[in-house]
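Trainee: These protein sequence lines map, in sequence, to chains A and B. Going by numbering that gives the first Met the number 0, the first sequence opens with residue 0, and the numbers climb by one from there. Going by numbering that gives the first Met the number 0, the second sequence opens with residue 0, and the numbers climb by one from there.
Because the hints were derived from the structure by calculation, they are not lab data. Remember, predicted model here, so these are calculated numbers, not experimental data. Relax, there's no trap hidden among the hints.
Which residues of chain B face chain A? A few of them, derived with a C-beta cut under 10 Å, are:
#, residue
1, 58
2, 137
3, 166
Even glycine gets a Cβ: it sits at the ideal position worked out from N, Cα and C.
Here is how the chains run, residue by residue.
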Amino acid sequence: MEVSEIMEKTGLKAINQFKDKEVEGVYISDMVSDIITGAKANSILITLQTHKSLIAAANLVDVAMIVFVKGKKPADDVVELATKAEIGLFTSDLDAWSFAKKLTELGLN
Amino acid sequence: MSACTHQWFMTNIRSGYLVVEGCFECGARSSFFSSEAVPPIDEYQDGKHFWIYMGSSQAVKFDLKCSRCGITVDLDDVNGLMLSTCEDPDCEVGKIVRQQSKGTWVYVALCANSTHAKGKCVSGQGIDALNQYFNQNIKAPDKKIIVVPCRLCNSIDKCRGIIIADVNLTDMYPDTSQGGRPRGKD
Chain A
0 MEVSEIMEKT GLKAINQFKD KEVEGVYISD MVSDIITGAK ANSILITLQT
50 HKSLIAAANL VDVAMIVFVK GKKPADDVVE LATKAEIGLF TSDLDAWSFA
100 KKLTELGLN
Chain B
0 MSACTHQWFM TNIRSGYLVV EGCFECGARS SFFSSEAVPP IDEYQDGKHF
50 WIYMGSSQAV KFDLKCSRCG ITVDLDDVNG LMLSTCEDPD CEVGKIVRQQ
100 SKGTWVYVAL CANSTHAKGK CVSGQGIDAL NQYFNQNIKA PDKKIIVVPC
150 RLCNSIDKCR GIIIADVNLT DMYPDTSQGG RPRGKD
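Just need the whole structure built from these sequences, with the hints factored in.
Mentor: And the structure:
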């Protein structure tokens, strides 16, 4: 399933210009040191964390898209770095669990 | 030299704390990884240095193992990774950053002692394995990761990099365009 299709089917709001790509998994974490040991390439990262370090970690492991839950939005320089790294940023008003359930309903896990 | 085209995976993943100490005599900084439930905050003397606790953050350590030949590369000398955004004309890392095309990202592997006073840094074998590991997993066609040792940095303490560490992640950080401290390096 591609980034744009997930956005459409889960009601995500895009924060930056994103590149459509195939998504292959899901990872939930708010710790950047955990992300580099747990998240996989082309996965969705679900998080509350909006710090710039998050993008440095997500880029290193080639995350496809990041979903900030509970309506969180990162600062402009964070968005700028993610756009340069071609990582799509999105926001959802749901909490992490509720959003993850939507993804499993779509067949992603 | 090994003939194996390594296929690395993370092994010996351990959670703990990255503890940062500073010497109040000379200003040197040092760090170590503690897997204790509560990281030590002792003050102690070691030769000419008098180390005091400066802070700690949750961290993860790992080694890399090849699934084909079984070799394990110990990354105990890696205390962290930093995305370089260096613009220092005299810094070797900055030069490497400026030589790269779009889609290539330079990360600095940080060792325990930023002064490199004892001549130690992350091993060449560790740097090679980290480069191979992170690049083998990338799926974006035009993307590349370059990992370099921190001994190439002019000054880690002044570097405009983004350290991947779980410290101060809920703080606001100042805008460096107005001359403040580097973003993400707090």
